[in-house]
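This is what each chain is made of:
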Amino acid sequence: MRRVVVTGLGTINPLGNTVESSWSSLINSNSGISKITNFEVDNYSCKIAGSIDDSYINDEIVNSREQRKIDRFITLGLIAANEAIIDSGFTLDDQSSFRSGVMVGSGIGGLDTIYKNSSILDNQGIRKISPFFIPSSLINLLSGHISIKYNLKGPNSSPVTACATGTHAIGDSFTIIKNDKADLMVCGGAEAAICPLGISGFSAARALCDTFNDYPEKGSRPWDKDRSGFVMGEGAGVLVLEELENAKKRNAKIYGEVKGYGMSGDAYHITKPSEDGNGGFRAMEMALKESDLNSEDIGYVNAHGTSTQVGDTIELSAVEKLLGSNKNLFMSSNKSAIGHLLGAAGAVEAVFSLKSMQTKILPPTLNLDNPDTKSKINLIPHESISKPVKNIISNSFGFGGTNASLVFGL
Amino acid sequence: MSDIEERVKKIVVEHLGVEEAKIQSDSKFIDDLGADSLDTVELVMAFEEEFGCEIPDDAAEKIVTLKDAVTYLSTNSN
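Sequences listed follow chains A and B, in order. Using the numbering used here, the first residue of the first sequence is number 949, and each one after it goes up by one. Using the numbering used here, the first residue of the second sequence is number 98, and each one after it goes up by one.
In short, the hints are calculated from the structure, not lab data. There may be inaccurate statements among the hints.
A short, non-exhaustive set of chain A residues, derived as facing chain B with CB atoms under 7 angstroms [stated by the list, open to error]: (1) 1013; (2) 1079; (3) 1080.
Here the structure is a predicted model, which means the values were calculated and not measured. By construction, the Cβ of each residue, glycine as well, lies at the ideal position given by its N, Cα and C atoms.
Between the sequences and the hints, there should be enough to build the whole structure, so can you do that?
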């Protein structure tokens, strides 16, 4: 059976523009959440987000002329992909390029570009629409750009499953390599929806935190009784997955193995998770089964944990149901520090999951002052802890009742 | 260098990211200056904006060099 390992990591997120800088910030309990400043938010109920300052966008990776022709989500994705590919150190020849693919998705894609061109169409007319409008906004153009830049001619696609996108991209890429359709996949997710239409849309759906505008860094507080919704973040996470023998042959650095992948649908509601947590439970169960591990083998759950009222409780109960016999289980939410990166969330959290195994440090859940449900699971409030773990589950659940779970192991 | 040529050159420099010194009067946008077909559409839009005119598609297709643009805009701009 073909096994799949992770040989490269890359990210840009509200805590930093590299894996090392953002990981170091995360385990030191820093928050990447601040007041929104890139547009006027006086009339918005939510005024906070996990934004990336433009000065953190490296023009040497994507020059400013290129940035003009692509939406911000593509720029962020290209930056993360560049780091992951350099980190992995793979080189391609004519043959291996056909066996190396890309699957980097996004939840929403070029939302701000669509908004701006829509205004141009209404106010200035048809002739002012940029020829780059469509290729700048389409979600799969990120995978397209990565393939062009790095000559990756294998499978090329982009999942779009809202907040589960990044996890599905990694899981689907794992399956592609396992099924011998490629030897290497550059995979993950990117998102840049901190724009007027993005914030107003999620606010209208009553999904965003609106009670901590004066204390932005306190807004994202998974499992805490004062949570009031998620805080949006932006960024990208990219992994390089490789078939194990392929990676060994070239003496690649191996962060860990993708051991299992599970998916499910709630068939319940467009935005709410099913109340019994059955969807998330089945995704985790499927991933655990494929990994051939038992619940006792899992040391840490990198939770979806968005800081919404119902979602957090439901996920916690699903984890307890599946892994409750495990007396030594840790779980935390990276979103407490970086916010919810929507389609990039699962990918950035996968990067952090692999760093957790590598460094033997489990990152904290910030702002967890008063958990609203009692649990035997250690939710790692406030500060990271040193703890070696061999296997991790990482969860992502999305609007539409879509659920995805990955098992990573050493 | 005429005022029109200078303004056209400035737009080409901005949009195609090429050094001004490399742009000759007969440089072709696509073959010599690295533009792709979408870049040329955007260039024509920028000329329209700068010179306050509308360049019909059949005329735009014939603007392939800096000189073509200057010649067209010299007779058609406001």
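- Answer holds if the nearest beta-carbon of chain B is closer than 7 angstroms to that of residue 1013/A; otherwise answer violated. The hint holds - residue 1013/A has a Cβ within 7 angstroms of chain B, the shortest such distance being about 4 angstroms.
- Restraint satisfaction for residue 1079/A [CB to CB of chain B, less than 7 angstroms]: Holds: closest Cβ of chain B sits about 4 angstroms from residue 1079/A, inside 7 angstroms.
- Minimum Cβ distance from residue 1080/A to chain B below 7 angstroms? OK, holds: residue 1080/A within 7 angstroms of chain B, min 6 angstroms.
Violation of the numbered hints given earlier is absent; every hint is satisfied by the structure.
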